[in-house]
Each structure stands twice: as C-alpha cells, then as structure tokens.
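Engineer: Please model the complete structure; the sequences and the hints are all you need to start from.
These protein sequences, in sequence, are chains P and A.
Under our numbering, think of the first position of the first sequence as 1, with each following residue one higher.
Under our numbering, think of the first position of the second sequence as 1, with each following residue one higher.
Hints listed in this document are in silico derivations from the structure and should not be mistaken for laboratory results.
Since we're looking at a predicted model, the values are computed, not measured.
No residue lacks a Cβ here, since even glycine has one placed at the ideal position from N, Cα and C.
Wrong hints could be hidden among the right ones.
[Unchecked claim] Here are the simulated lysine-lysine pairs, PhoX-like style, with alpha carbons at most 25 Å apart:
hint, chain 1, residue 1, chain 2, residue 2
1, P, Lys209, A, Lys101
2, P, Lys281, A, Lys103
3, A, Lys101, P, Lys210
4, P, Lys209, P, Lys84
[To be verified] Derived contacts from chain A toward chain P, CB cut-off under 7 Å, selection only:
hint, residue
5, Tyr81
6, Ala88
7, Ile95
[Stated by the list, open to error] Here are the computed distance ranges between Cβ atoms for each label pair:
hint, chain 1, residue 1, chain 2, residue 2, range
8, P, Glu239, A, Ala59, 36 to 44 Å
9, P, Ile48, A, Ser45, 16 to 24 Å
10, P, Leu79, A, Arg73, 26 to 34 Å
11, A, Tyr153, P, Leu79, 52 to 60 Å
12, P, Leu235, A, Ile96, 34 to 42 Å
13, P, Phe68, A, Tyr153, 58 to 66 Å
14, P, Glu3, A, Asp71, 55 to 63 Å
15, A, Arg73, P, Pro283, 28 to 36 Å
16, P, Pro153, A, Val86, 31 to 39 Å
17, A, Tyr63, P, Asn173, 34 to 42 Å
18, P, Val289, A, Arg73, 21 to 29 Å
One-letter residues, chain by chain:
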Amino acid sequence: MKEELFVSGRNIPNIDPYLNIWHWQIPSYLFLGGLAAGILFFAGIFTILGKDHKMTASVKIAPMIVPFVLILGLLFLFLDLKHKLYFWQLYTTIRLESPMGWGSWVLMIMTPISIIWAASYVREIFPNWDWKFQFLKSFEAWVIKHRLLIAWPMTIYAVILGIYTGILLSAFNARPLWNTSILGPLFLVSGMSTGAAVIMLFSTDHREKKIMGRIDILLIIIELFFIVHLFMGFLAGSEAQINAANLFLRGNFTAPFFAFVVILGLIFPLLLESMELKGFKIPIVIPAVLILVGGLIFRFLIVEAGQITRYLY
Amino acid sequence: MNKIKKDGSTYLNPYFGGVILGTVLLLSFYISGRGLGASGAVKNSVAATVNLVAPKHVAQSAYYSQFAGGDKRPMSNWLVYEVLGVLAGAFLSGIIFNRLKLKVEHSPKISSRRRLLFTLAGGLIFGFGAQLARGCTSGAALSGMAVLSLGGYITMIAIFGTAFIAAWVLRKNWI
Numbered sequence: 001m002k003e004e005l006f007v008s009g010r011n012i013p014n015i016d017p018y019l020n021i022w023h024w025q026i027p028s029y030l031f032l033g034g035l036a037a038g039i040l041f042f043a044g045i046f047t048i049l050g051k052d053h054k055m056t057a058s059v060k061i062a063p064m065i066v067p068f069v070l071i072l073g074l075l076f077l078f079l080d081l082k083h084k085l086y087f088w089q090l091y092t093t094i095r096l097e098s099p100m101g102w103g104s105w106v107l108m109i110m111t112p113i114s115i116i117w118a119a120s121y122v123r124e125i126f127p128n129w130d131w132k133f134q135f136l137k138s139f140e141a142w143v144i145k146h147r148l149l150i151a152w153p154m155t156i157y158a159v160i161l162g163i164y165t166g167i168l169l170s171a172f173n174a175r176p177l178w179n180t181s182i183l184g185p186l187f188l189v190s191g192m193s194t195g196a197a198v199i200m201l202f203s204t205d206h207r208e209k210k211i212m213g214r215i216d217i218l219l220i221i222i223e224l225f226f227i228v229h230l231f232m233g234f235l236a237g238s239e240a241q242i243n244a245a246n247l248f249l250r251g252n253f254t255a256p257f258f259a260f261v262v263i264l265g266l267i268f269p270l271l272l273e274s275m276e277l278k279g280f281k282i283p284i285v286i287p288a289v290l291i292l293v294g295g296l297i298f299r300f301l302i303v304e305a306g307q308i309t310r311y312l313y
Numbered sequence: 001m002n003k004i005k006k007d008g009s010t011y012l013n014p015y016f017g018g019v020i021l022g023t024v025l026l027l028s029f030y031i032s033g034r035g036l037g038a039s040g041a042v043k044n045s046v047a048a049t050v051n052l053v054a055p056k057h058v059a060q061s062a063y064y065s066q067f068a069g070g071d072k073r074p075m076s077n078w079l080v081y082e083v084l085g086v087l088a089g090a091f092l093s094g095i096i097f098n099r100l101k102l103k104v105e106h107s108p109k110i111s112s113r114r115r116l117l118f119t120l121a122g123g124l125i126f127g128f129g130a131q132l133a134r135g136c137t138s139g140a141a142l143s144g145m146a147v148l149s150l151g152g153y154i155t156m157i158a159i160f161g162t163a164f165i166a167a168w169v170l171r172k173n174w175i
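Structural biologist: See the structure below:
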C-alpha cells in the first residue's frame with residue numbers, strides 16, 4: 001500500500017482562500033476617521049483664510065463632535081486588535097514602512113489637537129461653561145490667541161489622516177482591489193464630503209450652507225471622477241485586478257455599490273444640492289444623510305470586497 | 001398642462017403621467033428584464049425581517065420559506081432596489097412640483113386620524129389581497145397586462161371593480 005502525505009501551505013484559516021479578518025470595526029473607523037478629517041480640514045482652512053467668524057458651523061460647532069468621533073473610531077480600532085493589551089507597542093515599534101504605525105502616530109497627534117480645538121470654542125458655544133481651574137483658563141487664553149498656529153498643523157494633518165484611511169488599505173499588496181494608490185485621494189475626498197455634510201447639518205446660516213453645498217458639489221464630482229478612474233485603472237491592469245473590478249461591475253457587489261454608493265450616496269445628493277442652488281426648497285438633511293450613509297456603505301463594501309480579491313489561483 | 005392648486009403646488013397632467021409610467025415600465029423590462037412591483041419589495045423586507053428575528057418560524061412556514069431562509073437573499077432583489085428608486089424619484093417630483101411638505105391629505109370633513117386609520121386598514125386588506133393574487137397593481141396588473149397576461153387583466157378588473165364599489169360605500173370620507 002502506497003501512502004501519500006500531502007502538505008500544503010495554503011490551508012490558513014481566515015487568510016486563505018480569502019481574507020476574513022476585518023469586520024465592522026475597520027470600515028466604521030475608516031468612516032469616522034474620514035469624517036473627522038473632513039470637519040477639521042474645513043475648520044482649519046477657514047481659520048487660515050480668516051473666515052472663522054463667517055463660517056461658524058465649520059470652524060466652531062461641527063468640530064465639537066470631532067473628539068468624540070475620533071475616540072469612538074479609536075475604540076473600534078482597539079476592538080479590532082487581537083492582542084488588545086499590546087496596542088501601545090504600535091508606538092514603541094517605529095517602522096516607516098508600516099501603515100498602521102503611520103496611522104497610530106497621525107491619530108496620536110490629531111486627537112489631542114481636535115480636543116484642544118473643540119475646547120477652545122466651548123465657552124463660545126456654551127456661554128455658561130466654566131473651566132474651573134486657573135491653569136485651564138490660562139491655557140484656553142493661550143490657545144485662543146494662537147489659533148492660527150494650531151490651524152496650520154491641524155489642516156495638514158487632517159489631509160494626512162484623510163489620505164491615510166485609504167492608504168491603510170492600499171498598503172495591502174496581496175489584495176488587488178486595495179492595491180491602488182487612488183484609494184488614498186478617493187477616501188480623502190469622500191471623507192471631506194461627509195465632513196461637509198455634517199457641517200451643513202449643523203449650520204443655521206444660509207450663506208454658510210450655500211458655500212458648503214457648493215464645495216460639496218465639487219467634492220462629489222471629484223469623487224465620481226476618482227471612482228471612474230479606480231475602475232479604469234483596474235480594467236487596464238492584471239487579470240486579478242480585472243476580476244477585482246468585476247466584483248463591482250458585474251458581480252455580487254454591483255447592485256449595492258451602484259444603488260447605495262453611486263446613485264443614492266453621490267449622484268442623487270449631487271442633484272438635490274444642485275437643485276437647491278437653483279432655488280428649489282430642499283431640506284438639507286436629506287442630501288446630508290444620504291452622503292453620510294453612502295460614505296459608510298462605500299467603506300463597508302470596499303473593505304468586504306477587498307478581502308475577497310486575491311492574486312492566487 | 002399643470003393643474004395649479006391653491007397652495008402653489010402643481011400636478012402633472014394625468015395622461016402625460018400615464019405615458020411616463022408606461023415608458024418606465026418599458027425601460028424596466030429592457031434594463032432589468034423584470035416588470036415593476038411594489039408589494040414584492042415590502043413582502044421581501046417583511047420576510048427578511050422575520051428571518052432575522054425568528055428564523056425557525058420562517059423555516060416552518062410554507063409562505064415565508066419561499067422567500068427567505070436557507071441561502072435565499074430576500075433583500076438582494078430587483079424590487080427592493082426599485083422601490084428605493086421610487087422613493088428618490090417621488091422626492092424629486094415633490095420638489096419640482098412644490099409639494100414637498102409633511103401633511104396628511106384628507107377631506108375637510110374628516111380628521112387626519114380617521115384618514116390615517118382608514119389608510120392603514122385599506123393597506124392591510126390590499127397587502128393581504130396582493131399576496132393572494134400574487135402581485136399588486138404594479139406587479140400583477142400593470143406588468144402583467146404589459147406582457148398580455150390574462151391574469152394581469154383579471155387582476156386589473158378585480159382591483160378597479162372592487163375600488164368602484166368601495167369608493168361608493170366609503171364616499172362619505174371624501175365628499
């Protein structure tokens with residue numbers, strides 16, 4: 001009797017035949033991170049441009065939620081970790097080629113900045129607030145005096161954070177759907193668009209709403225352009241990348257992607273916002289919520305589909 | 001062509017609206033290979049929800065197990081997406097014709113509450129009937145008649161015939 005021993009390196013649960021390690025935590029974090037980056041970018045850029053008194057919701061009100069959004073996102077990232085108690089090793093292991101290392105440091109810088117920024121406007125938004133301790137009061141006075149000094153790094157780091165949410169995925173060379181450098185700018189623009197949507201929800205000023213609406217229209221058009229180019233790039237690529245694109249063009253993800261992300265999450269809000277500029281009366285909450293839900297579903301689909309795509313076989 | 005109401009809202013000419021609806025039906029057959037439907041989307045949503053809450057009940061039920069349970073994906077259905085489009089389109093039409101506001105349309109002689117209760121009762125009866133008939137006005141009658149199905153014509157006659165009688169019986173709610 002001949003016996004054959006078959007050894008295979010392919011039987012790796014949760015990694016082969018397809019990746020099954022990232023669940024709801026990662027896309028939820030990518031959404032929250034992009035949203036925070038979007039809001040802080042607008043807060044920073046309008047301060048730098050000297051429009052902080054005109055763009056109240058962008059500079060003062062919407063950034064109030066950012067610390068909570070970021071901390072919630074960090075909590076999701078923490079929940080995703082397998083060895084939760086070793087999370088601090090992300091900060092002791094300096095590796096320039098590690099996207100998670102980059103992300104950890106960007107968040108390490110961004111979260112305190114967002115807290116300081118929001119705190120410096122608390123007394124303006126809630127006049128009855130009292131900081132209780134003298135050192136907090138003097139720190140607040142210093143921040144208010146040097147807002148521009150904070151606005152610059154905040155704006156730059158907001159862009160880095162927004163791009164990073166895409167780079168986290170595109171650094172995965174083994175996943176053809178993620179392995180494209182267009183994901184960085186695409187996630188940045190999408191995050192800025194969701195940030196603009198939240199600002200529009202908070203804004204009570206007609207002029208500010210109109211400006212943010214116009215910016216959002218531009219962002220949605222750029223995002224659609226990036227999405228088209230994402231798939232154009234895939235279709236011009238290797239067989240594995242063509243297969244990855246086909247998941248969205250003629251596969252299981254086609255219907256939810258085009259219905260919820262492209263049509264209801266981008267084109268329909270774009271149409272509503274353009275109609276509003278033309279003078280039609282539209283409750284702003286509808287396009288804003290559609291953009292937010294579309295952005296969330298977009299990240300869920302990209303993370304889910306990316307884990308299925310592979311170079312092997 | 002537009003009928004102007006007191007509050008500045010307008011309505012499309014019904015004949016023109018009918019032509020648009022027919023074109024939509026034609027496009028629906030052309031693009032998706034399926035007709036229009038409305039109750040099917042609700043039915044699939046209900047089946048998916050019941051399957052989420054009580055999967056055992058779905059497995060035992062002869063009715064629900066047609067649509068949900070096992071590897072069936074009731075929400076991955078053309079009608080579910082179509083109804084989302086209907087909502088978006090209706091919203092756009094409401095904006096264009098200046099009718100976008102939260103209100104209950106009813107005769108001045110009855111209260112909003114009465115109107116809503118009758119609507120709910122009518123909806124329940126119609127939903128039940130649509131399942132017995134295997135389709136509603138859009139799914140069975142409109143799409144059925146478009147492909148010259150006899151069932152479609154019978155459904156149309158039954159729906160509008162019953163509506164004629166019901167409208168006379170319940171006329172006090174409107175006039």
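Engineer: Just pull the numbers of the violated hints for me, sorted ascending.
Structural biologist: Numbers 4, 9, 14, 16 and 17, in rising order.
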